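The primary structure of each chain is shown beneath.
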Amino acid sequence: MQGTDFNIETVEFLDPSGKLKRPLPDALGGRDKLIHLYRIMVLTRVFDRAAINLQRTGALGTYPSNEGQEAIGAGVGLAMQDTDVLVPYYRDVATQIQRGTLLEEILVYWGGDERGMCFSNQAEDFPVSVPIATQCCHATGIAYAMKYRRQNRAVVTTCGDGATSKGDFYESINIAGAMKLPVVFVVNNNRWAISVPLEKQTAAKTIAQKAFAVGIDGIRVDGNDAIAVYQVVSEALEHARGQHRPSIVEALSYRLCDHTTADDASRYRDQKELDQARELEPLIRFKAYLQSEHQWSETEDEALYVDCDSQVKKAIDAYKATPDQQPGEFFNYMFAKPTANLEKQKKEYFAEVKRHG
Amino acid sequence: MAEWTLLEAVKQAFAWELGADENVVVLGEDVGVNGGVFRATDGLQETFGAERVVDTPLAESVIVGMAIGMAAQGLKPIVELQFMGFIYPAVDQIINHAARLRNRTRGRITCPMVIRAPFGGGIHAPEHHSESTEALFAHMPGLRVVIPSSPARAYGLLLAAIRDPDPVVFLEPKRVYRLGKQEVEDNGAALPLDSCFVLRDGIDVTLVSWGASIKETLEAAGKLSQIGVDAEVIDVATISPLDIETILDSVSRTGRCVIVHEAARSFGVGAEIAAQLAGEGITSLLAPVKRVTGFDTVMPLYRYEDQYMPGVNRIIDAVKESMEYR
Ligand SMILES: Cc1ncc(C[n+]2csc(CCOP(=O)(O)OP(=O)(O)O)c2C)c(N)n1
Ligand SMILES: [Mg+2]
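Quick note, the sequences are listed as chains A and B, same order.
Per this note's numbering, the first sequence starts with residue 2, numbered consecutively.
Per this note's numbering, the second sequence starts with residue 653, numbered consecutively.
I should point out that these hints are in silico values taken from the structure, not numbers from a laboratory.
It should be emphasised that the depicted structure is a prediction, and the values quoted were computed from it without experimental measurement.
A virtual CB, placed ideally from N, CA and C, is assigned to each residue, including glycine.
Stretch by stretch, here's where chain A covers chain B in the computed footprint (C-beta under 8 Å, at least three residues):
1. 736–750
2. 775–786
3. 947–959
Here are the computed distance ranges between Cβ atoms for each label pair:
4. B:977 / A:337: 32 to 38 Å
5. B:871 / A:268: 33 to 39 Å
6. A:271 / B:725: 34 to 40 Å
7. A:58 / B:762: 50 to 56 Å
8. B:840 / A:198: 33 to 39 Å
Please build the complete structure, drawing on both the sequences and the hints.
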């Protein structure tokens, strides 16, 4: 075998024009689940635009956009069961909102406030991980605990294509294979890691094939196709839960946005490439599919956008109405029991606040 | 003479040394085509080529480990790590190898390299982008730790770091990256790596700081002069090895010392300076050495980072306490 040629299939259901290439998965039969997938994508898109606007007006800190990544999160979120655990990275809004994370919590976090990580509706999912690929390691530990307790659960962890260059990623997929852990590594291959294109990131033709080196399953899926992502991740999770078979799911997407609001992709990325990628983006094809196969009307579509707009507006209001932290709150969560040293420093801090406000 | 920000001074030092020494190679994430996320290497790849200004995969451990191998072969790698918060995957390489290679091989193989990283808070950056953990590296035998606080010192100290025969951790205070310009002569002249810089003469109290906190320290000194307190201000610049002589000399004249740093207080660089003052400067001291620092907590996310950072008021209060001590 040629060292670099594994010929891994890419699972696709919807083509870019919105035509089904193969029968719809049974679990998605009927209109409701499909509309749910679409709704999540639209909500994520609407939220994303609003978040970028908030950043531009100074009401939010640096924000990593999800534009072009919506189908991955929509599919992953729907494929997961409530009892599974998500260990996300920072482009997973569409997954997180299906897991119970509130839009306003996401804003609170990127607005520079730890309370955005204290999810009110989610006890076990991790907050996003900024140090690249570190979360992959945590996912293996959570999976170990599930297996240890003989639970029928699994973990999904996500990362980008760039992250797969890191030791943490390789170490995690390897230990998951060696210990047969119930974990799925979903790699959002959006072709760029800030300014570094995939070709400079790795000589591997696919990221999925990295799985084979450590003896786990590797599969590719069209990351612009929410149905395909749903189906592939569902199966991967079944294998993880039932057979303790870990896997890598490489979701092929494209980062339609700047890396973050602090980035200017026009410095390093060809406009033509971006324009071409736009034609493949996930929302357009899904709408076309709903229209042609499920009688989705323009009126319904407009109503959906109006509804998402209002949901996002409410979240922004809630974000803006979030009361300030107590002064010195950052002292309170260092240890289960406050240390004498910290108590002393806290007093010092309050004395200072009293003197100078 | 050119007028540069600290960031431009870093780039100009690169440009000078890339031009002067063909062994110099710059590597890191996004340093090439994009010119670095802060633009510290902007345009350098165009001028010096992709073999000398190298975009790497996203993998800090191998970036630093690879630089060790390059250095062993006589190249002079300059590594950029995007933020100090992302230096930790490479700590194994830095501590277990870069810092020890000379010793392990009795000088047969050495490690002349620079590891650069922007650090510190105050720019409303996301989580993990604002910490100051210079003490971790200062504590490690075999490493130099250098922190410039002005464009001129960034230029001169970076050149010195590149030319130094041993590994240097070069930490750049990003809060003052673009804060004001300074005239710097672009003549390739290095500054001494092992000495503090006295930025302001004074007779009443010695203020010791480094990095971005120099800004607040100088501001405090200015305000203190209006109430009749004449503060001497020392920029430590090279944290390790520490030029304690300059600090001891100053304290022998002032008798009082306040140390200012953004990093957490306990076990920090301020503690080392205080310990050395307690040891060798005890007879000069008229008051306990004071530290104005970040707290021993996780650095708050940006909305609350000001509560954490040592500001001008806290410095002035500490100086007043020191002056009142009898
Ligand atoms: C360990 C570490 N190194 C560097 C960074 C800075 N950084 C943030 S995102 C990023 C690129 C990540 O690319 P990829 O994994 O492809 O994810 P994407 O952002 O494209 O979704 C880098 C280098 C970081 N956050 N953590
Ligand atoms: Mg990417």
